[in-house]
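Student: Single-letter residue listing:
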Amino acid sequence: RKEVEQDPGPFNVPEGATVAFNCTYSNSASQSFFWYRQDCRKEPKLLMSVYSSGNEDGRFTAQLNRASQYISLLIRDSKLSDSATYLCVVFRSSASKIIFGSGTRLSIRP
Amino acid sequence: EAQVTQNPRYLITVTGKKLTVTCSQNMNHEYMSWYRQDPGLGLRQIYYSMNVEVTDKGDVPEGYKVSRKEKRNFPLILESPSPNQTSLYFCASSFVGQGSGELFFGEGSRLTVL
Numbered sequence: 002r003k004e005v006e007q008d009p010g011p012f013n014v015p016e017g018a019t020v021a022f023n024c025t026y027s028n029s030a031s032q033s034f035f036w037y038r039q040d041c042r043k044e045p046k047l048l049m050s051v052y053s054s055g056n057e058d059g060r061f062t063a064q065l066n067r068a069s070q071y072i073s074l075l076i077r078d079s080k081l082s083d084s085a086t087y088l089c090v091v092f093r094s095s096a097s098k099i100i101f102g103s104g105t106r107l108s109i110r111p
Numbered sequence: 002e003a004q005v006t007q008n009p010r011y012l013i014t015v016t017g018k019k020l021t022v023t024c025s026q027n028m029n030h031e032y033m034s035w036y037r038q039d040p041g042l043g044l045r046q047i048y049y050s051m052n053v054e055v056t057d058k059g060d061v062p063e064g065y066k067v068s069r070k071e072k073r074n075f076p077l078i079l080e081s082p083s084p085n086q087t088s089l090y091f092c093a094s095s096f097v098g099q100g101s102g103e104l105f106f107g108e109g110s111r112l113t114v115l
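If you're matching them up, the sequences are chains A and B in order.
Quick note: the first sequence uses the numbering used here, first residue 2, plus one each step.
Quick note: the second sequence uses the numbering used here, first residue 2, plus one each step.
Just so you know, the hints here were simulated from the structure itself, not pulled from any lab data.
Among the clues, some could well be false.
Claimed, not checked - One side only, chain A facing chain B, incomplete, derived with CB under 8 Å:
id, residue
1, E44
2, P45
3, L47
4, I99
5, F101
6, G102
7, G104
8, S108
Stated by the list, open to error - Distance condition first, Cα-Cα at most 30 Å in a straight line; then the derived BS3-like pairs of lysine-lysine:
id, chain 1, residue 1, chain 2, residue 2
9, A, K43, A, K80
10, A, K80, B, K70
11, B, K72, A, K46
12, B, K19, B, K70
13, B, K72, A, K80
14, B, K72, B, K18
15, B, K18, B, K70
16, B, K72, B, K19
17, A, K80, B, K66
18, A, K80, B, K19
19, B, K58, A, K98
20, B, K66, B, K19
21, B, K58, B, K19
22, B, K58, A, K43
23, A, K98, B, K19
24, A, K80, B, K58
25, B, K18, A, K3
26, B, K58, B, K18
27, A, K43, B, K66
28, A, K3, B, K66
29, A, K46, A, K98
30, A, K43, B, K18
31, A, K3, A, K98
32, B, K58, B, K70
33, A, K98, A, K43
34, B, K18, A, K80
35, A, K3, B, K70
36, A, K46, B, K66
37, B, K72, A, K98
Ideal placement from N, C-alpha and C gives every residue a C-beta, glycine not left out.
Here chain B stands alone, though its shape is the one from the complex:
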């Protein structure tokens, strides 16, 4: 089954404790991206990757890191989480040539930073 898998789905952590949210896709997509969704602000892009070893900042990259060592995986790293990073996070993937339009999303990871 074609899917994007995120883990963990839910996490409560404390300020400053490093965490990683994993994202894996099995569709051989070149393009992968991370978004955060907050009430009233919609989906905002954190980082994206056009292919292995190619990553770029989105609109809200501060406080986050990513890596793309393999095509299927695109982990999101919060080196020192802060309460303003409490949010719902989505990973998505697509074929390059995004005019085809369809982004496939993971089920989301709800993160709370105390």
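Same shape as in the complex, but just chain A:
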């Protein structure tokens, strides 16, 4: 079983829709959590960090549930430009490990 698991998708939704992804992690020692965005054949870029209290950045909301060991990303009012792969990233300082999920592909249609 992978340490960080994501639904690979693809999620195909119309413009303006709300879409949510989950990511589960298996190691309870995981400390920090992030969502990265990766466009086709490009390098990943940080989208947002994920805090226990939840955090919002414009149309994007990230949540962390430590008890159930998952993080989520919600995108509201989706735009065509949101089409990308979204990577869940987990960090464990005890092992200096940064673990990437395999990514969830999102495609927004007009």
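Position chain B against the provided structure of chain A, taking the given hints into account.
Tutor: Okay, now just chain B, sitting in the frame of chain A:
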């Protein structure tokens, strides 16, 4: 401009011919890392370095070597490439104290081994 620079961006080579992919960052980051990305497998860490002369294996180090003689450079060496090392490679850097989260990636190096 803050950046991570990888070279070459694209390379086709043959089995057994040694090659080096260079990585350089201008942000004075202590932490540097190499990943490979393959369809369905996501990003897998090859090697990482917490500082000069400090390197450690990641999840898939077999067939690769690295060195960290200077803070800014972290080359990836394939002594005898094989076809299963055909992949998209990313170098990344960050400040130590990775809880800050942001890894800065190079643009990637697409390697094909025939």
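Student: Is the shortest C-beta separation between A:L47 and chain B less than 8 Å?
Tutor: This hint holds: A:L47 lies near chain B, its Cβ roughly 5 Å from the closest one there, short of 8 Å.
Student: Is A:K3 close enough to A:K98, meaning Cα to Cα at most 30 Å?
Tutor: Holds: A:K3 and A:K98 sit about 14 Å apart, inside 30 Å.
Student: Going straight from one Cα to the other, do B:K58 and B:K70 come out at no more than 30 Å?
Tutor: The given pair, whose Cα atoms are some 17 Å apart, holds under the 30 Å limit.
Student: Quick check on A:E44 please, does its C-beta sit within 8 Å of some C-beta on chain B?
Tutor: Holds: closest Cβ of chain B sits about 4 Å from A:E44, inside 8 Å.
Student: Is it true that the CA of A:K80 sits at most 30 Å from the CA of B:K58?
Tutor: Status violated; Cα separation ~40 Å.
Student: Does A:K80 sit within 30 Å of B:K18, going by the straight-line distance between their CA atoms?
Tutor: violated (46 Å)
Student: Check whether the Cα positions of A:K46 and B:K66 lie no farther apart than 30 Å.
Tutor: Within the cut-off at roughly 26 Å; holds.
Student: Keeping to a limit of 30 Å between CA atoms, is the pair of B:K18 and B:K70 held or broken?
Tutor: holds (24 Å)
Student: Holds or violated: A:K80 with B:K66, Cα cutoff 30 Å?
Tutor: With Cα atoms ~42 Å apart, A:K80 and B:K66 exceed 30 Å; violated.
Student: Would you mind confirming whether the straight-line C-alpha gap from B:K72 to A:K46 stays at or under 30 Å?
Tutor: OK: B:K72 and A:K46 at ~22 Å, within 30 Å.
Student: Classify the hint on A:F101 as holds or violated, based on whether any CB of chain B lies nearer than 8 Å to its CB.
Tutor: OK, holds: A:F101 within 8 Å of chain B, min 4 Å.
Student: Check the hint pairing B:K19 with B:K70 against an upper bound of 30 Å on the C-alpha distance.
Tutor: Cα-Cα ~20 Å, so holds.
The structure is inconsistent with the numbered hints 8, 10, 13, 17, 18, 24, 25, 34, 35, although it conforms to all the rest.
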